[in-house]
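Student: Each chain, letter by letter, is given below.
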Amino acid sequence: MNKRDCVIIGGGSAGLAAAIALKKQGIDVLLIEREDELGGILNQCIHNGFGLTRFKEELTGPSYAERMVKAFHELKVEYRINATITHIKPDKTIHYIDEEGVHVVQAKTVLLAMGARERTRGNIQIPGDRPAGVFTAGVAQRYLNKDGLLVGKKVFILGSGDIGLIMARRLTLVKAEVVGVAEIMPYSNGLTRNLIQCLEDYSIPLYLSTTITQIKGRQRVEAIELSRVDENLKPIPETAFWLDVDAVLLSVGLIPDNQLSMMAGIEIDPRSKGPKIGANYETSIPGIFASGNVLHIHDVVDFVSEEGDQAATAILNYLNKREETAETLMLSTDQNFIYALPHTLNPNMHNKLKYRVRRPMHDVRVCLVSKGMVVHSVKKEHLLPAELEMMIIPQKVLAQCENECRLEIHDET
Amino acid sequence: MKHELTCIVCPRGCRIQVWEEEGVHRCEGNQCIRGEVYAIQEVTEPRRMFTSTVQLNGSQLKRCPVVSSSAIKKTDVFKVVDILENVVLEAPVFLNQVVIKNILESGIDIIASRSIKKDAEASD
Amino acid sequence: MIDLLIIGAGIVGCQLAYDLSHFKLSVCVLEKNVEIMNETSSANSALIHAGYDPEENTLKAKLNLIGAKRYPDLCKALNTDYQAVGSLLVAMHEDELSSLNELYERAIRRDVQVERLHRDEVIKREPNINPNVIEALFFPTTAIITPWQMGYALMNHAVLNGVELRRNEAFVSVVRVDDHYCVTTSKGTIQARYVINAAGLQAQSVAKIQNPLNDYPIQFRKGEYQVSDLEDENYLNHVIYPCPSNKGKGVLAVKTVEGNLMFGPTSTVIEDPYNHGTTKDGLDEIDIKIVQIIKPLPKSHLIRQFAGVRPSPVSKDFILKEDKGWFDCVGIDSPGLASAPGISEYVIENFVQKYFILKRKAMVEFIWPHRIHPQDEAKRAAMIEMNPRMGKIICVCETVSEQEIIDAIHLPVGARSVKGVKRLTRPGSGRCQGGFCETAVVKILARELKMLPSEVPYDNEAFLLPYGVEHE
Chain A
1 MNKRDCVIIG
11 GGSAGLAAAI
21 ALKKQGIDVL
31 LIEREDELGG
41 ILNQCIHNGF
51 GLTRFKEELT
61 GPSYAERMVK
71 AFHELKVEYR
81 INATITHIKP
91 DKTIHYIDEE
101 GVHVVQAKTV
111 LLAMGARERT
121 RGNIQIPGDR
131 PAGVFTAGVA
141 QRYLNKDGLL
151 VGKKVFILGS
161 GDIGLIMARR
171 LTLVKAEVVG
181 VAEIMPYSNG
191 LTRNLIQCLE
201 DYSIPLYLST
211 TITQIKGRQR
221 VEAIELSRVD
231 ENLKPIPETA
241 FWLDVDAVLL
251 SVGLIPDNQL
261 SMMAGIEIDP
271 RSKGPKIGAN
281 YETSIPGIFA
291 SGNVLHIHDV
301 VDFVSEEGDQ
311 AATAILNYLN
321 KREETAETLM
331 LSTDQNFIYA
341 LPHTLNPNMH
351 NKLKYRVRRP
361 MHDVRVCLVS
371 KGMVVHSVKK
381 EHLLPAELEM
391 MIIPQKVLAQ
401 CENECRLEIH
411 DET
Chain B
414 MKHELTCIVC
424 PRGCRIQVWE
434 EEGVHRCEGN
444 QCIRGEVYAI
454 QEVTEPRRMF
464 TSTVQLNGSQ
474 LKRCPVVSSS
484 AIKKTDVFKV
494 VDILENVVLE
504 APVFLNQVVI
514 KNILESGIDI
524 IASRSIKKDA
534 EASD
Chain C
538 MIDLLIIGAG
548 IVGCQLAYDL
558 SHFKLSVCVL
568 EKNVEIMNET
578 SSANSALIHA
588 GYDPEENTLK
598 AKLNLIGAKR
608 YPDLCKALNT
618 DYQAVGSLLV
628 AMHEDELSSL
638 NELYERAIRR
648 DVQVERLHRD
658 EVIKREPNIN
668 PNVIEALFFP
678 TTAIITPWQM
688 GYALMNHAVL
698 NGVELRRNEA
708 FVSVVRVDDH
718 YCVTTSKGTI
728 QARYVINAAG
738 LQAQSVAKIQ
748 NPLNDYPIQF
758 RKGEYQVSDL
768 EDENYLNHVI
778 YPCPSNKGKG
788 VLAVKTVEGN
798 LMFGPTSTVI
808 EDPYNHGTTK
818 DGLDEIDIKI
828 VQIIKPLPKS
838 HLIRQFAGVR
848 PSPVSKDFIL
858 KEDKGWFDCV
868 GIDSPGLASA
878 PGISEYVIEN
888 FVQKYFILKR
898 KAMVEFIWPH
908 RIHPQDEAKR
918 AAMIEMNPRM
928 GKIICVCETV
938 SEQEIIDAIH
948 LPVGARSVKG
958 VKRLTRPGSG
968 RCQGGFCETA
978 VVKILARELK
988 MLPSEVPYDN
998 EAFLLPYGVE
1008 HE
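Chains as they are written, first to last, in my numbering: chain A, 1 to 413; chain B, 414 to 537; chain C, 538 to 1009.
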């Protein structure tokens, strides 16, 4: 059987970063990508704003990808494209199919870097007709930016996350009319920059606390019903109004794509929807690591790549058996957080916590609490659900903790 | 005249007021100097990085992504869109290949933002 | 001049075409949609009911039993899915026991296999049943099939054996000319000695065009459904029925052949037969009713909602009637799918055989193209070696290769739309709902059917616009 030190699943920004980092250390890596080119979703994200952290300049999605791919090829990392993994077994054998046949690889370590998929109409259950013309934002983006196909002439976008906003501008620039963007929450989930440069610049209305409550159209979308929602996000029937559109784009969130992880029996956190990990990105199966959007949804690609780098370091330690089997600390959170990573902390090193809050907050203190005592805290003027937050917990802080610690939001006043 | 705008420099999103006083722009509401620079630029001559695609022949990909070499005037955005509608590229394309030099006499180029191999299978 | 024209390629039209293709007859099938099996026949519970449910002395009772008996052989011959998973009809309250008893007696009378199960036994066999269950009837012969797969198999077999299928061509009007009918369609005329109206949702309108005196009272009933993720494949072992009421069979929990669970249908009377939208009330009703029979599933596991419309006869029975060489099949609602082979036999016996002496002919067997998903790795390897495109996976959720999609397009009755590809090979049916594969499917359809991507239909119409100058 074909044997490898490390098999990386997914050739997007996490997988590429990890492959580059590992190969530089002389590790025998095989990267497997299901699409016909490396780079992942970046290749269709033609707007710019990527790479400020990693490359200290603003790049478009494709040029960020190309930079990574170039480094990858210079190191002559081995890879397969158009290759689909059928299953990963807990013993780290990986089965995949491509046009050359069925392949089985025995890996010493595996890095899950499969990225995410989009939430669909079925996931959010918009009632109404089921005609053509309802697309997820990513599918519409791919049609437009790679295939030269336009999804509609009069488009409405549900969801004000960055992908929705970017698509509003993109469609406007190809002279489709973007009738509006609706957001079920009372605040936008996108960056202020995108709100201004994608919506305000083109006078596209943003309907907050509003959602689509019905879709009409026999063969093709003809109209949508919008309704305002109450504080429990329930539509208020008397606020309903109709808009004529021929396409609806759904930008209603990404879900880490863990079909393969689940088949392998890896434990998934229902909150982050990604594998449960330790401070070294290791999943519940020793030797299988996860990084990037398969682990949790990021807003900035630079941090996806960074996770790839860090997972590579952890894999290297694992392969060199440098990993200490230390006591770990369970990390929990209060109800202000959607999730926090990692699920267990390592008290023998500095730990980088990543978290996302449930609603916007101002002037609060993010506290790490152990045995009822605040052991570490950071003041935060602004916390937004749209922004992934990070904080470093010094090793000496963790050394004082026992068994578990908890992330809490405390009022600053 | 007073302009009011939301700062995009950081997530704080300050509401900044900008007005002209004896030929000098003044700001209020910003909490840092970066906000002032942004606000004054935004009211005097707003600029935007421009990204789009142009038609591509000779590849399975039907569009080639392009980007402006630096920010263009906001008022030029749709003029550039119109110009690009008539551009057709042939694969192979190289990263940063100039698609249109000195667009609208601005000193700014429109360049390809990825490289694309010529595809033997692709028909045009 | 052809011998027989069948209007409509739903399950009844497909079954008739298949049965008639065994004989020396010239048969044509008219279908107004781009794809066959496009309406009521594909949006239903996908069940072969055991046959205990229809009222005594009805065509439904008689033909359901014939259908249920015929399906196992039919599916075997056509190599289509058939799983006799069995069903549990559950009583949750004391006051439902009398109707349970009644159905038990009826099943015995009709020779439908049935077993009474006490609470403990029900819970043992179906751990995720609502624990309030007090008793259940077990019908081991209730089966699940894939309706459109069945339809495509029947029609492919029929076309391979000489039946002509004219799709994307609608019935417009008909006149009786001497000894035959002249049917005007959206694309031309067809001269046929005899006509069978199997037009489903349109059957009573078509009947009325033929003879204004044929005014069959029909109500359109919409049934909404929820579909769960494959994650819940092993959540249930059987089809679960609540105790039926005067409103019908109620909201069921159906395990589908593919492994998804399906909850529904609701039953709402509507005016417009093409109003097949889901509604908030309908979906809420499913949420409430389904937990009365099974333990609740997380809402996040639901990946799709759909609705089907069925033409419900006010008489509560199928209407199968001849009018001067014209035969109407009207009001084919539940158990229409289960009864289709029975309906076809009935039409042939009572109508076709009146006018023709049926002579069998030599048949060509329809063989499904290879599928990669169900194979073990050795078989997969062999298939890919024969044809590398078998290894190019387009749909990751359901493991569907490019070659399988190409094969589905080039069947005698092949896919002509995104929906057709989805029905025949499943891309778009999984948890990404087409997110990863739809763009690729459009390109393959365009290439194989020699059209532009912007001409590829989603259902009946093209759905994408070229941006800039379109080129292949």
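Just so you know, these hints were derived from the structure itself, not from any lab. Heads up, some of the hints might be wrong.
Unchecked claim - Listed next, the stretches of chain A that the computed footprint assigns to chain C, with coverage defined by at least 3 CB atoms under 8 angstroms from CB atoms of chain C:
| no. | segment |
| --- | --- |
| 1 | 130-136 |
| 2 | 214-221 |
To be verified - Quick look at which bits of chain B chain A covers, simulated, 3 or more residues with Cβ under 8 angstroms:
| no. | segment |
| --- | --- |
| 3 | 439-449 |
| 4 | 470-478 |
| 5 | 517-529 |
Even for Gly, the Cβ is constructed at its ideal location relative to N, Cα and C.
Student: Looking back at the numbered hints, which does the structure fail to meet, lowest number first?
Tutor: 3
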